[in-house]
Amino acid sequence: VPDGGGMEREPGPAGTRRALGRLLEAVLGSRGEANAVFDILAVLQSEDQEEIQEAVRTCSRLFGAMLERGELFVGPLPPEGAAITGSRGAMRKYKVWMRHRYHSCCNRLGELLAHFSFQVKELALSTLMKFVQLEGMHPLEKPKWEGNYLFPRRLFKLVVGGLLSTEEDHSLLLSQFREYMEYDDIRYHTMQAATDVVAQVTNLHSEVSLTFWNNAFTLLSAVSLPHQERNLSNFYVSHIESSDKWKIAHLKEHRKVFQAMWLSFLKHKLPLSLYKKVLVIAHDSILPHLAQPTLMIDFLSSAYDLGGAVSLLALNGLFVLIHKHNLEYPDFYRKLYGLLEPSIFHVKYRARFFHLADLFLSSSHLPAYLVAAFAKRLARLALTAPPEALLMVLPFICNLLRRHPACRVLVHRPQASELDADPYDPVEEDPAKSRALESSLWELQALQHHYHPEVSKAASVINQALSVPEVSIAPLLELTAYELFEQDLKKKGPEPVPLEFIPAQGLLGRRDDLCAQHFRLS
Amino acid sequence: MGKAKAVRARRTASGARGAPARVCPNPFEVKVNRQKFQILGRKTRHDVGLPGVSRARAIRKRTQTLLKEYRERDKSNVFRDKRFGEYNSNISPEEKMMKRFALEQQRHHEKKSIYNLNEDEELTHYGQSLADIERHNDIVDSDSDAEDRGTLSAELTAAHFGGGSRLHVKTSQQEGEERGKPKSRKELIEELIAKSKQEKRDRQTQREDALELTEKLDQDWKEIQALLSHKTPKSESRDKKEKPKPDAYDMMVRELGFEMKAQPSNRMRTEEELAHEEQERLQRLEAERLRRMLGKDEDENTKKPKHISADDLNDGFVLDKDDRRLLSYKDGKMNVEEDVQDKQSQEASGDEGEEDEGEGSSGEDLEESDGPESHSDLESGVESGEESENPKKDHQSPGKGSRTGGQRAGKAARTELPFTFAAPESCEELRSLLSGRSMEEQLLVVERIQKCNHPSLAAGNKAKLEKLFGFLLEYVGDLATNDPPDLRVIDKLVVQLYNLCQMFPESASDSMKFVLRDAMHEMEEMIETKGRAVLPGLDLLIYLKIVGLLFPTSDFWHPVVTPALVCMSQLLTKCPVLSLQDVVKGLFVCCLFLEFVSLSQRFIPELMNYLLGILYIGIPNKQSPGYALVRPFRARGKNSQLLLVSEREDAATWQRSSLSLCWASGLTAQTATEANHIRLSCLAVGLSLLQRCVRLYGTLPSFHAIASPLHALLMEHLADCSHPHELQELCRSILTEMGNQKQLYRPLICEKSKPVPLKLFTPRLVKVLEFGRKQGSNKEEQERKRLIHKHKREFKGAVREIRKDNQFLARMQLSEIMERDAERKQKVKQLFNSLATQEGEWKALKRKKFKK
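Keeping their order, the protein sequence lines are chains R and H.
Heads up: the first sequence at position 344 corresponds to 344 in the UniProt record's numbering, and the numbers run straight through without jumps.
Heads up: the second sequence at position 385 corresponds to 385 in the UniProt record's numbering, and the numbers run straight through without jumps.
In case anyone wonders, no lab produced these hints; they're calculated from the structure.
A hint or two may mislead.
What the hints assert, rightly or not - So the derived label-pair ranges between C-beta atoms look like this:
hint, chain 1, residue 1, chain 2, residue 2, range
1, H, 530, R, 284, 20 to 28 angstroms
2, H, 644, R, 487, 35 to 43 angstroms
3, H, 249, R, 502, 33 to 41 angstroms
4, H, 488, R, 284, 53 to 61 angstroms
5, H, 284, R, 510, 15 to 23 angstroms
What the hints assert, rightly or not - To be clear about the criterion: a stretch of chain H counts as covered by chain R if any three or more of its residues have a C-beta under 8 angstroms from a C-beta of chain R, and this derived list gives those stretches:
hint, stretch
6, 486-495
7, 566-580
8, 656-665
9, 682-696
10, 726-738
11, 750-758
All C-beta atoms, glycine included, are put in the ideal place defined by N, C-alpha and C.
Using the sequences plus the hints, can you model the full thing?
Shown next, in the form of structure tokens:
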């Protein structure tokens, strides 16, 4: 028997390690000692995580060597009992038997992916991936034809299934797994396996846990396809000869699988938080890689109809479809108009929304009534906005007026009689019927009395004829109140600091002061 | 063709050259420098030349100079003709002669006195006449000889050095005239020696005489001096006697002389006048506040040119103000001494305080009249004003506070406490000073720290007091976070803070900003991690309130108030209301916000949102279309019915009362009834704030758009009849007020922009590029190039000259050699000739002989 590839004896203090070493040597040394494999596998079931780790390492070495030597049965595996009792040669029996042991070892490792100790999980994952690599190089199935592409799909599905646990949050382990996804073949098969696993899990359970969705989303969002068609030859499993005929070598196939994976994931009813997460990355890392992006239309339009923050997020994906894939979306602007609610200035995705809104409204071919309705609606909403949002939305409105000279009547309507009420109808959902063009932006006039000096200045712009160049709102989009506060603090004022000239008489001030009226000290 | 050209050239040449060309009309001498191109405006100087003339001139010049030099190259002796005007042809011969004669006469005259030093020239030594020195130093130099005098008699020199034969001749002539017969040289010398010795002796005797005379004079003077000195000591002693005991009158006169002149001070003003002045002052301050509120001054007051005198040297030197104190009277006392007294009696001020407090009852109105005075002082010079004014004021405030009965305790505290306190260096120090003391004692301690470290007392005190503001602020924060908060102490400390702030506005605003930044930073961190913040403790609310007390809140922009406003906006938008305590805090912030803008009447969207939310949580939730809640309120959820009264009976027993600030720090309602009462009180406060808002914003152009959600919500409140009667009345009155705000919607019109003036095209001046002129980047470069060019030209010219000189010299040398050769040839010829004749003759002779 030739010496075991890469076998080294490690002198270790732990008894188990030495014992395992001895067993390993014995098994690799002679086939007669093959039964010692059971002892090794028994340690895998141990409670102690140190022991488990040792056993995993030993298994890794043992079966690694076996795979390299070709001592595992190749071909469809017969059931164990039948093979042993059968009348074939002893060598075949041994190989079949050993393959069964290998099989049970892999299963156990798959279970260990759910172990409570992260080290064990990590070790199990890396061992499994090593097996995947070795098994890919020394396939355990016979190639059906010359140059047949073989990949240990079963084993790999086991890995992915272990990762997409329904009970435990595997985000850490998944981030480890991310490294493997650099390889084109691993990525391809991950996508395939993930599609299968998701289908399997959703079939089995009627109610799928949030953890599973989170895990699945983490794995799915980690898949990033290359943008350009190039030679996909960065394989984890190295093949002696590679062929162009393999599906795995084409980005188109990758895209198909990618699309299948996402569609199978998105067709299920996702929890709301996940919905948002998907929508956040949709335009950037999902849509561009789909083989047929138009397939996302249903998903996105249903999300857009959902209302609230989800709609805002779906906007971005929809925009990509409209812009690049010729999507005709009826009532797009009407729905966009419907999205303008007081809460728009308070949500997290404010900057994103206004960036997109700016894009949508940048076309000079929009009808005046529509732009006027938007301007009026935004002005109305500005009456409830915090200063940092006002600083952004006021230039926004002014930009709208600049782009569409027909809308300037909103701020400049000479020779018109006074009105009893604002003709604008804030409740009307259709911008065409809102009669915004007949109105004026009195809201901005009110905001000229805003307490913050910058807002007041921004609102006073409409008093003069609007200057021609637009004001870029990009730097204002992300403005937060804290930044505003810091700006105010840093600003140098006139020296000396003006002081109150009415002397203080107490904390609450004089008797007729507002605070003194409503509050008392004790 | 060639002819025509030549003619043209000549014409131009004659035109350009003018006069000199006309002088020399010989066309064969003219050489025309043909120009390749005619260029307008270019001056040509060398278009026509007279090579023959100029060459002749050059040769002439060389023969006059170079040739001369060449010929005299080996000669060292020069014959110089010094006869006057010999070569000057301008002077006529007669005149020449006259001048020569006069010159000779003059020379004759000068020569005579050249060696006669003693006669009329005055010798000096160190700028003093030597003769004078002689005269004065006679006595001192008594033992030195006559030679030391440094002057020699003419005879002596003449005899000794014998140079001037003429002189010698002259003297001998003179003597000869006297005696009739000449003397030998020896005799003469002997005579001279004898003469000088005689002179010497004479001088010595003279000197001795003078000495004797002076001695005699001295003695005489002494005798007379005795007589004189009898008088002078007497007068001296009298002076001595008078000095220690001056006359009372004199003293008075002198003192009055030195005393400060009493300036006419303002007469004591009557009550009405004082009130009037106060009113004027307030009006002025109010006008200033309004100006700042409108925010129009930003550009105006930044660049106001100061008056600059015509004599200003512009060196930044400012003549110090006249700091001399003027004597003035105030309250019937001399004003000057007050400061001095104050300084001296800093330590003893406690006693004074007591006295003042004795007047406390009557001091109420006295303070009123004193107030304006002190504040006008504050503005002109904080240091001087603060001192005279503070004690009264500060002592009164505790007096007022202890009106309920703490007066005696205050007195006791005053006597127990030490009188001086070092300014604390850290907040801990201040805390240790103040902790464990009663309210009166704490106030007193702070007050005394301020007094002991008044900036006018020592140099470092200003910084100490500036720090004190920060420490006090921190201490106030501590007090506010205590459980229960010591709000009464804060209430009193606010006055101190105000005073300190008036003294040091810069540092006060800085420490206020620091506190605000701290709070905001904390909140920002919380928002970043959790997405929302918790309403901060009572301390921040107190700080915000203090900001409103110390600084004018109506300014368009203010370095402290504007950040504080942003801070409050954050509190109202980012901090969700989770408990009744939060409601109280939120209402306090709303109240503050509203108070900040009460003068400037500015619009606060956050406030309206918050009030909407507060009112919303007071009714049972239901979906209604009229209004939409925004952050931090939610339409439904755990806290969406926080102010809903659980028991109907409690509404009946509720009495309207103001909210306690203590609830903001820790609210523990004992019973459900109490909690309900608090809820109703909160609602009442919210409603009345809303009422105030309605009044404030009623005139805003889009008031109805602002108020419509509130209107809808109030209708719901009315529909929900569980509220006590008072609240319902309030709701109703707000609704009617809202309805009463009729406004007309006047379409907006932009201001007419000024017509843009036509663009005027002023000529742009460009330097004309001249051909031939060196174009350089800047002036220096140009100058440098010009110089280089000049140098080159000069150098070339010089080389040409030298070459020509050499040619000239060579020519001369050649001609010389030729001449010499010719001469030699001629001589040789002559010689040969003579020799030939000689030979011929000799041969003829020989032939003759032979024939014979």
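Results for each hint:
no., hint, in the structure
1, H:530 - R:284: 20 to 28 angstroms, "holds (26 angstroms)"
2, H:644 - R:487: 35 to 43 angstroms, "holds (41 angstroms)"
3, H:249 - R:502: 33 to 41 angstroms, "violated (56 angstroms)"
4, H:488 - R:284: 53 to 61 angstroms, "holds (59 angstroms)"
5, H:284 - R:510: 15 to 23 angstroms, "holds (21 angstroms)"
6, 486-495, "holds (count 7)"
7, 566-580, "holds (count 6)"
8, 656-665, "holds (count 5)"
9, 682-696, "holds (count 4)"
10, 726-738, "violated (count 0)"
11, 750-758, "holds (count 3)"
Of the numbered hints stated above, those contradicted by the structure are hints 3, 10, listed in ascending order.
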